[in-house]
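Engineer: Given these sequences and hints, build the entire structure.
Chains A and X supply the protein sequences, listed in that same order.
For the first sequence, the working numbering gives the first residue as 5, with consecutive numbering after it.
For the second sequence, the working numbering gives the first residue as 208, with consecutive numbering after it.
No lab work stands behind these hints, which were simulated from the structure alone.
The model shown is predicted, which means the values in this text are computed figures rather than measured ones.
Careful, some of the hints might be misleading.
Per label pair, the in silico range of CB-to-CB distance [stated by the list, open to error]: (1) A:177 to X:254: 24 to 34 angstroms; (2) X:350 to A:159: 45 to 55 angstroms; (3) X:461 to A:156: 48 to 58 angstroms; (4) X:241 to A:8: 26 to 36 angstroms.
Computed cross-link-like contacts, BS3-like style, restricted to lysine-lysine with a CA-CA straight-line distance of at most 30 angstroms [said to hold, decoys possible]: (5) A:180 to X:214; (6) X:339 to X:447; (7) X:214 to A:100; (8) X:339 to X:452; (9) A:167 to A:180; (10) X:339 to X:458; (11) X:214 to A:101; (12) X:444 to X:339.
All residues carry an ideal CB built from backbone N, CA and C; glycine is no exception.
Listed below are the residues making up each chain.
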Amino acid sequence: MARIYLPLFLLLLLVIEGVALDFLPQRIFSEQWIIIPHWLLVFLLMIAVFYDFENTYFSVLYAIIFGMLIDIVYTNVLGVYMFSYALVVYIIHGMKKLLHLNLFVVLLYTVIGISLADFFIFTVYLFIGADSISWEAYASTRLLPTLIANGLFLFLIYPINRKLIQWSIERDEKAKSS
Amino acid sequence: MSFFRRKRLFIILVGFIILVGLIGFSLRDRDELSTFEQFLHDTVGWVQNTIQVPVQFTTSLIANIEEMRNVYDENQILKARLSQYKNVLYEVQELRQENEELQTTLNKTESITDFEPIQASVIARSPEQWFKMVKINKGKQHGVEPNMAVITGDGMIGKIQSRSQFTSTVLLLNGFDRSNRISVNIDLTDDEEDMTGFIVGYDEDEEALLLELNQSQTDVSEGELVFSSGMGGVFPKGLKIGTIKEVTPGKYGLTQVAYVEPSADLYNMNHVIVVDRSAAMPEDNGNTQAGEEE
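Structural biologist: Below, the structure is given as structure tokens:
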């Protein structure tokens, strides 16, 4: 089941990111705060932490595919999201054994992951000249609000973790029996 | 273990090389999206179209409730204006008729003001806010071409950046730079002649478009209207762009630079019109004239 549901849910998140600015509060924008919805990445990190085993890399595969989709559909520079999402998901995948998993540890991973990814994306865009704000302005007007907003999103979708663990076990049993 | 580490590093480096290659590929001046990209745009666009309906319904419902509070006041003002408009309407009809008659006597059937509207809905906005882009649900199959102007009822909002078969991407005015300038006229109220200039970009701090004026002697006051002049050959004449906010001397004091506030709301729009300029492009014009001479 997970084979169908996971890509579908990721696709849904990808599409909702595109209309997110319609229902995110408008007032935040007038105060120069910019929120980038990295919801796809948040869910990819959940997959990396709860669904993948140490020797499976489904989350990285999904990160590459859906990162590429974001690049094509929402930006006109290819490869940036693809590379940064895949790299970040891979790093978190490697880190997940360090701490015992609970909501706050996952929140910590999400914060680390999103900061890394967003920072990487910003750096690349700065180099190719798609944007030109200073580092300080970036940190205060973009990184901080983005972290808060995506952290809130994590609380929203965190209950899915039971389902992910269940799917993960089912897949494991199937792999063993065949 | 060290073998695996080396392999891991190797993969990351290869990934990095691919990243640089892809960025280089996409930063070239591309006229056309590749078939693969067009396919993905359309497929995702289809899903976006379906999702957008309930989202827009909910958001517009909330906006409607907020607007209802002001309905009474607005109604009073509108009623007062309505009587004025009746007079203006009569005048406009007279002028239009006269204009048509004059044009037929001149044997001039098409003008750079004419355009064919293509109605479209906004289905998504780039969450990555460096890219001032929105996606609309009309594409090549509906007659959309790159570089067409996109307007709302309030004025111009941008131009078509790329299009696939059933969807297209619009570059908003606040994402414009020197490579896509707009030739504009400024409607001076106390002068017969219009003033000309170029929109050369967008100033993030001022939140206004940068307008380089062609003449520096004339005084331009705040609040003057800025229209597209149709001289660039891409956009039709007479699209409203904005109003002058401030005029300052340019970098070297030789030119004047004005800040123009866009008249359309670039952050909140659902329905847009893609403007298909009817008058032939300059190069086509040249061909037909050459043909006639023969």
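Engineer: For the pair supplied as a hint, residue 214 (chain X) and residue 100 (chain A), confirm whether the alpha-carbon distance does not exceed 30 angstroms.
Structural biologist: Roughly 21 angstroms between the alpha carbons, so the hint for residue 214 (chain X) and residue 100 (chain A) holds.
Engineer: Lying within 48 to 58 angstroms: is that true of the beta-carbon distance residue 461 (chain X) to residue 156 (chain A)?
Structural biologist: holds, 52 angstroms
Engineer: Does the structure keep residue 339 (chain X) and residue 452 (chain X) at a Cα separation of 30 angstroms or less?
Structural biologist: Within the cut-off at roughly 22 angstroms; holds.
Engineer: Tell me if the straight-line CA distance from residue 444 (chain X) to residue 339 (chain X) falls inside 30 angstroms.
Structural biologist: holds, 24 angstroms
Engineer: What's the verdict on residue 214 (chain X) and residue 101 (chain A), does the C-alpha distance respect the 30 angstroms limit or exceed it?
Structural biologist: holds, 21 angstroms
Engineer: For the range 24 to 34 angstroms, tell me whether the beta carbons of residue 177 (chain A) and residue 254 (chain X) fit it or not.
Structural biologist: The hint (24 to 34 angstroms, Cβ to Cβ) holds, given that residue 177 (chain A) and residue 254 (chain X) are roughly 33 angstroms apart.
Engineer: Between the alpha carbons of residue 167 (chain A) and residue 180 (chain A), is the straight-line distance 30 angstroms or under?
Structural biologist: holds, 20 angstroms
Engineer: Does residue 339 (chain X) pair with residue 458 (chain X) here, judged by a C-alpha cut-off of 30 angstroms?
Structural biologist: Holds: residue 339 (chain X) and residue 458 (chain X) sit about 26 angstroms apart, inside 30 angstroms.
Engineer: Quick check: does the Cβ-Cβ distance between residue 350 (chain X) and residue 159 (chain A) fall within 45 to 55 angstroms?
Structural biologist: holds, 46 angstroms
Engineer: Compare the distance between the alpha carbons of residue 339 (chain X) and residue 447 (chain X) with 30 angstroms, and conclude whether the hinted pair is satisfied.
Structural biologist: holds, 20 angstroms
Engineer: At the C-beta level, are residue 241 (chain X) and residue 8 (chain A) separated by a distance inside 26 to 36 angstroms?
Structural biologist: Given about 28 angstroms between the Cβ atoms, the range holds.
Engineer: Is it true that the CA of residue 180 (chain A) sits at most 30 angstroms from the CA of residue 214 (chain X)?
Structural biologist: This hinted pair holds, its Cα atoms lying about 28 angstroms apart.
In summary, this structure violates none of the numbered hints.
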